[in-house]
Amino acid sequence: DTEVTQTPKHLVMGMTNKKSLKCEQHMGHRAMYWYKQKAKKPPELMFVYSYEKLSINESVPSRFSPECPNSSLLNLHLHALQPEDSALYLCASSPSDRGENTEAFFGQGTRLTVV
Amino acid sequence: SQKIEQNSEALNIQEGKTATLTCNYTNYSPAYLQWYRQDPGRGPVFLLLIRENEKEKRKERLKVTFDTTLKQSLFHITASQPADSATYLCALRRSGATNKLIFGTGTLLAVQP
Chain A
1 DTEVTQTPKH LVMGMTNKKS LKCEQHMGHR AMYWYKQKAK KPPELMFVYS YEKLSINESV
61 PSRFSPECPN SSLLNLHLHA LQPEDSALYL CASSPSDRGE NTEAFFGQGT RLTVV
Chain B
1 SQKIEQNSEA LNIQEGKTAT LTCNYTNYSP AYLQWYRQDP GRGPVFLLLI RENEKEKRKE
61 RLKVTFDTTL KQSLFHITAS QPADSATYLC ALRRSGATNK LIFGTGTLLA VQP
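Same order as they appear, the protein sequences are chains A and B.
Position one of the first sequence corresponds to residue 1 (the numbering used here), numbered consecutively onward.
Position one of the second sequence corresponds to residue 1 (the numbering used here), numbered consecutively onward.
Because the hints were derived from the structure by calculation, they are not lab data.
Predicted model only: the values in this text are computed from it and were never measured.
Glycine included, C-beta positions come from ideal geometry on N, C-alpha and C.
Heads up, some of the hints might be wrong.
Said to hold, decoys possible - Every beta carbon over 12 Å from chain B, so not counted as near; a handful from chain A, in silico:
#1 61
#2 69
#3 80
As the list claims (entries may be wrong) - Here are the simulated lysine-lysine pairs, BS3-like style, with alpha carbons at most 25 Å apart:
#4 B:3 <-> A:22
#5 A:40 <-> B:3
#6 A:40 <-> B:100
Stated by the list, open to error - Here are some chain A residues pointing at chain B (derived, C-beta under 10 Å):
#7 19
#8 40
#9 42
#10 68
#11 88
#12 90
#13 92
#14 94
#15 98
#16 102
#17 103
#18 105
Using the sequences and the hints, build the whole thing.
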């Protein structure tokens, strides 16, 4: 299994809602990532988890809250988002967080629309 | 500030020709440089990784070069096909403890039949 699975594929939420994005991989990868991608822009790193611990937070607003319940799962909890947070949210994993085994495997993304 | 720039937003070439995409970076000392392909509405797919001490890496019709003096990588697709049409992203990972993978601005390649 070489897939990173993200759910849901599409999400529409109001600014007062609370929702969660989910990501799962069964490749035994020890690093997992959240990226945000706006139209015609490259993916922008948000968070990195290494061995289930948060290792990098790229100064992301607190309305985005990541969680790594175990080595296969990564969640992104959303609360009180703004319309400008609408984007494609991508989850990725890599075998290691450093060295050569760092190519990233991406999920298909969740297309989030905040209304 | 750190920048990773790729040549022109879009590149149009004729089928069968070689596509050459450029990735230039400033204020980085990357240990590795990677190239990804991204199709519309999908996540990026890893293509190739090249280390800082390697000059060139090949995989089938793909070739990547890495010049740390020029701070530049070139990505070539030979005998291009319409199916190669996609956005191509370079990404840098620095050496040391950090495990950030930072993407360049991307180049949209369109191969005309």
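Quiz item: Any Cβ of chain B at or closer than 12 Å to residue 80 of chain A, or is the non-interface label fine?
Solution: Answer for residue 80 of chain A: holds, closest chain B Cβ roughly 26 Å.
Self-check item: Interface hint for residue 88 of chain A, Cβ within 10 Å of any Cβ on chain B
Solution: holds (8 Å)
Quiz item: How about residue 102 of chain A: closest beta carbon in chain B under 10 Å, or not?
Solution: For residue 102 of chain A, the interface hint holds, since the closest Cβ of chain B sits about 6 Å away, which is under 10 Å.
Self-check item: Status of the stated non-contact between residue 61 of chain A and chain B (beta carbon gap over 12 Å)
Solution: The claim stands: residue 61 of chain A keeps its Cβ more than 12 Å from every Cβ of chain B (closest is about 19 Å).
Quiz prompt | When the least beta-carbon distance from residue 103 of chain A to chain B is tested against 10 Å, hint result | solution = holds (4 Å)
Quiz item: Should the interface hint for residue 42 of chain A be scored as holding, given a Cβ-Cβ cut-off of 10 Å against chain B?
Solution: holds (4 Å)
Practice problem: Take a quick look at whether residue 3 of chain B and residue 22 of chain A sit within 25 Å of each other, Cα to Cα. | Solution: violated (31 Å)
Quiz item: At a threshold of 10 Å, is the proposed contact between residue 19 of chain A and chain B supported by beta-carbon distances?
Solution: Violated. Min distance 20 Å.
Quiz item: Does the structure keep residue 40 of chain A and residue 3 of chain B at a Cα separation of 25 Å or less?
Solution: Between residue 40 of chain A and residue 3 of chain B the Cα gap is close to 17 Å, so the pair holds against 25 Å.
Self-check item: residue 94 of chain A as an interface hint toward chain B, with CB separation required under 10 Å
Solution: holds (8 Å)
Practice problem: Using 10 Å as the Cβ threshold, decide whether residue 92 of chain A counts as touching chain B. | Solution: Because about 7 Å separates residue 92 of chain A from the closest Cβ in chain B, which is inside the 10 Å limit, the hint holds.
Quiz item: Should the hint that residue 90 of chain A touches chain B count as held when the rule is a Cβ pair under 10 Å?
Solution: holds (5 Å)
Violated hints, in rising order: 4, 7, 10; the structure is consistent with all others.
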